[in-house]
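Peer 1: Residues per chain, in single letters:
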Amino acid sequence: MSEWMDVGAVDDVPALGSRVVQAPGGNIAVFKAADGTLFALRDRCPHRGGPLSQGIVHGHSVTCPLHNWVISLESGEAQGADQGCAHKIPLRINGARILLAASALMARAA
Amino acid sequence: MPKKLVVIGNGMAAGRVLEEIFDRAPDLYEVTIFGAEPRVNYNRIMLSPVLSGEKGYEDIIIHDDAWYEAHGITLNRGKQIVQIDRDAKCVRAADGTTADYDQLLIATGSLPFIVPVPGASLPGVVTYRDLDDVNTMLAAARRGGRAIVIGGGLLGLEAAAGLKAQGMDVTVLHLMSTLMERQLDPSAGYLLGRAMEERGIAVRCNANTRTILGETHVTGVMLDDGTELPADMVVMAVGIRPNAVLAKETGLETNRGVIVGDDMRTSDPNVFAVGECVEHRGTCYGLVAPLYEMAKVVAAQLAGDLTAAYAGSVTATRLKVTGIDLFSAGDFSEASDTQDIVLRDVARGIYKRVVLRNDRIVGVVLYGETADGAWFFDLMRQETDMSDLRDTLIFGQSYGGGAALDPVASVAALPDNAEICGCNGVCKGKIVQTINDKGLSTLADVRAHTKASASCGTCTGLVEQVMALALGDKFSRVATDPMCGCTDFDHDEVRRLIRAAKLTSIPAVMQELGWKTSCGCAKCRPALNYYLLCEWPEEYEDDGRSRYINERVHANIQKDGTYSVVPRMWGGLTNPRELRAIADVAERYNIPTVKVTGGQRIDLLGVRKEDLPAVWADLNQAGMVSGHAYAKGLRTVKTCVGKEWCRFGTQDSTGLGIKIEKFMWGSWTPAKVKMGVSGCPRNCAEATCKDVGVICVDSGFEIHFAGAAGLHIKGTQLLCKVAEEDECIEVIVALTQLYREQGRYLERMYKWADRVGLDAIRAIVVDESEKRRALFERFEISQRRAQVDPWAERAAGRDAHEFNPMANFTLAEAAE
Ligand code: SRM
Ligand SMILES: Cc1cc2nc3c(=O)[nH]c(=O)nc-3n(C[C@H](O)[C@H](O)[C@H](O)COP(=O)(O)OP(=O)(O)OC[C@H]3O[C@@H](n4cnc5c(N)ncnc54)[C@H](O)[C@@H]3O)c2cc1C
Ligand code: SF4
Ligand code: FES
Chain A
1 MSEWMDVGAV DDVPALGSRV VQAPGGNIAV FKAADGTLFA LRDRCPHRGG PLSQGIVHGH
61 SVTCPLHNWV ISLESGEAQG ADQGCAHKIP LRINGARILL AASALMARAA
Chain B
111 MPKKLVVIGN GMAAGRVLEE IFDRAPDLYE VTIFGAEPRV NYNRIMLSPV LSGEKGYEDI
171 IIHDDAWYEA HGITLNRGKQ IVQIDRDAKC VRAADGTTAD YDQLLIATGS LPFIVPVPGA
231 SLPGVVTYRD LDDVNTMLAA ARRGGRAIVI GGGLLGLEAA AGLKAQGMDV TVLHLMSTLM
291 ERQLDPSAGY LLGRAMEERG IAVRCNANTR TILGETHVTG VMLDDGTELP ADMVVMAVGI
351 RPNAVLAKET GLETNRGVIV GDDMRTSDPN VFAVGECVEH RGTCYGLVAP LYEMAKVVAA
411 QLAGDLTAAY AGSVTATRLK VTGIDLFSAG DFSEASDTQD IVLRDVARGI YKRVVLRNDR
471 IVGVVLYGET ADGAWFFDLM RQETDMSDLR DTLIFGQSYG GGAALDPVAS VAALPDNAEI
531 CGCNGVCKGK IVQTINDKGL STLADVRAHT KASASCGTCT GLVEQVMALA LGDKFSRVAT
591 DPMCGCTDFD HDEVRRLIRA AKLTSIPAVM QELGWKTSCG CAKCRPALNY YLLCEWPEEY
651 EDDGRSRYIN ERVHANIQKD GTYSVVPRMW GGLTNPRELR AIADVAERYN IPTVKVTGGQ
711 RIDLLGVRKE DLPAVWADLN QAGMVSGHAY AKGLRTVKTC VGKEWCRFGT QDSTGLGIKI
771 EKFMWGSWTP AKVKMGVSGC PRNCAEATCK DVGVICVDSG FEIHFAGAAG LHIKGTQLLC
831 KVAEEDECIE VIVALTQLYR EQGRYLERMY KWADRVGLDA IRAIVVDESE KRRALFERFE
891 ISQRRAQVDP WAERAAGRDA HEFNPMANFT LAEAAE
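One line per chain: the protein sequences are A and B, in this order. Letter 88 of the first sequence, counting from 1, is numbered 88 in this note's numbering, and no numbers are missing. Letter 629 of the second sequence, counting from 1, is numbered 739 in this note's numbering, and no numbers are missing.
Everything labelled a hint here was simulated from the structure, so no lab data went into it.
Below, a list of computed lysine-lysine pairs in the DSSO-like style, where the Cα atoms sit at most 27 angstroms apart:
| # | chain 1 | residue 1 | chain 2 | residue 2 |
| --- | --- | --- | --- | --- |
| 1 | B | K881 | B | K861 |
| 2 | A | K88 | B | K669 |
| 3 | B | K831 | B | K772 |
| 4 | B | K612 | B | K881 |
| 5 | B | K633 | A | K88 |
| 6 | B | K769 | B | K881 |
| 7 | B | K772 | B | K782 |
| 8 | B | K114 | B | K199 |
| 9 | B | K719 | A | K88 |
It should be emphasised that the depicted structure is a prediction, and the values quoted were computed from it without experimental measurement.
Pulled out of the complex, with its shape left as it was, chain A reads as follows (with noise of 0.2 angstroms):
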């Protein structure tokens, strides 16, 4: 297996939005900001849980859909007053492709 796994096109998250990439370990949230900027988190919630790629993303942030906290797309930590951190998922840009790093894809517990 190499380092570096291809998981879709740059074009194929929408801008302010995002797409999964489920993995042995857990969803993964690949975000895009309104700058075009991708970012990589595991689809959970430092709080409960809940899947951050279905929250409101803006600026280098997304607010997490289930109570609004609101984490850091690059280093997923939970801003303001809340503690908790999503783990960030390695992310490279090859072209037009989006390459996560396999060791973080394929790991089995987040």
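On the provided structure of chain A, position chain B with the ligands as indicated by the hints.
Peer 2: Only chain B with the ligands this time, still in chain A's reference frame:
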């Protein structure tokens, strides 16, 4: 003896390489060039001024015949190379001409990308890349008529401005929601769109071309939504593709472009590549600045300096349309470790944004005033520490103690005829004039003399802004709670300004009202989306990305990330066919829980997101539509059996409930709206704890409102009593519309009623039949576009990506 250098492509990059070589080593090479274009090297980026008529071809020539002669170059014009034989070190042109080389340089540029839609090859469809394209466009423009430009990027907009200058009627179609979205943020994109429209160029965003129409020549374009636009010419300006065909055929390493290392050599050390056809460290460029940097390195290498290396470029963009000033460079995203400095001069239409990371500039967007572009760009490339300059940085290089920004600028920018008070139709000019004429200084006086803010009061803040404007320091306004951290305006002010300044998009609101962030937050975006939808029901396009998840996917998210699905059951009535369909769906998709809700319908809980479209399609088949159990909109209309069966029933409460629900479903409201209709005062439909409730009595219908039974238990208040069913529906609709127009986002009806007062509401909805009628009509208009079953749209494939994972690696693992 000089060595032989053969160059394929006689464009800007090739020309620059040769200049550099002749500077360094004039006699080292004997040069042969093949150019597919039948002319000398000219300045491609100046084609736009040629198209607009500001320049001629002669003005943009870079190397004339004398130059080629002086350097002993053999120029093969109009000869396209079709083969490279790397073993024999020889190239061959289409007409059979050959040339041997010691060193080969590929500089074939890019090819315009053509959207593969039906009709794309019809005569009258042109691209925008070279002088021939410009001549074709100019010939067409001489005949006048309509031009459609597909693509709202740099090229498309320059083409549009040029064709407009040549007298054509021009429309730009752009796939994304704002222009030049790759180079600009939505605020600057909005200003750009406005500027294009001001010069008479129509701009349609979110426009996806389905077909180009015509039999023997282009006659028009059809969009995805079925709209047909007539056209005599269609310009495709959707993007470019590196021209790497030749390199690929000859076995050189290629990806998107011809792959080169830092030494600019391809996978064959005797073959160089330069310009737009190149891919370097995974990047392909589409501007000249990087090509010039590459050209230096190619020339140095060719001249024997094997250490010369290209490290990639940072690029900046400017648009060359006379009168539009725009500059962008770098990464202008918002991030937790970056800080934004934003300056919006609303009155002058200026927007500037500088993005800092660790006190260094990482991105710049300038609109309206770009004189400092180069200065910012330089500071960015030098990675200069800005901590000392930070406070005044945004004012630019020549800052000399500029004035602080005026918070009432947005109101100052409004024209005198902008309506400030909607209830009483009072405009800004009238308020200012009355204040001046009568020497007024308090809100109470202004209310008394102008009637502004004397009714529902939602415009109070705005009236105060106008007073601050007219009275200056003599007036101190009571600060209200802003909508969110992105603005100083409160909800009501934002809403009134949307109306007064005719703002019709989220970027328009953010620019004109001086938003402090570039793209808002999860608090303001859903509110703005609702306000715009409510204000401009016929033109505003709902923005799904500014909706909470439930409304975006038309289902309620559950704690485990699955969804619940609640089909409508009109007035709580169902039948065996619907029940059977629900049962079938529950079995077919293994839906774990089927529950009767507190709102008289059935909830299917635990549906997997991927299954939603199929579940909806099946329910649609059985005639059921979304129950909007997720919406800030009309939820249920609960009914009791009424006079049809019940021995106490006085009217057909079930029938009335169904009529109301059928008329009002699909409407968006500030918060959810629930209704109930009971057939007699025993009130089995619990109508007196709903947002709107009807109690039927022998002599007619009592209309109650402003109740709730959630976090707070609120009994309803009596609004009025009417005799006829039709009148009952009219009052309820007018009441709901008033709430839609005045309610703050997420403010439930009872809270709105508490704030505005029962009397004020009754005065409009009950006492004044004309106003009631007008409200009713506005609701009807908005229903025309709102009453679409979102499930059917989704089941038909709209935004299908929402429901499918992008990739699945769990199966791959199972197979291992
Ligand atoms: C399904 C249902 C409970 C049930 O099993 O019966 C229900 C379920 C939820 N209710 Fe409710 N409410 C349901 C009837 C009610 C009722 C009774 C009624 O409508 O007659 C009330 C009291 C009446 C009222 O609204 O005033 C009610 C008061 C609330 C409230 C409190 C609202 C308030 O302003 O105080 C919330 C919270 C909110 O909306 O912010 C809420 C929110 C919710 C949410 C949407 C919570 C959420 O955000 O996820 C639940 C969604 C579950 C789901 O996926 O379906 N639900 N909820 C009922 C669906 C009715 C329907 O057919 O659409
Ligand atoms: C209308 C317009 C406006 C622009 N405005 C700007 C701007 O404002 N700022 C900016 O930085 N950039 C701008 N650009 C982009 C800029 O022009 C290009 O980046 C630059 O011209 C690329 O140089 P190049 O030498 O790589 O390719 P080109 O200049 O395209 O030259 C390639 C040449 O190779 C020829 N060729 C291709 N294949 C063969 C073959 N097999 N045999 C022989 N010849 C061949 C082609 O005919 C062409 O003449 C603009 C481009 C256009 C079209
Ligand atoms: S009462 Fe509470 S737990 Fe029950 S459905 Fe309503 S919101 Fe959910
Ligand atoms: S699970 Fe994300 S905020 Fe509660």
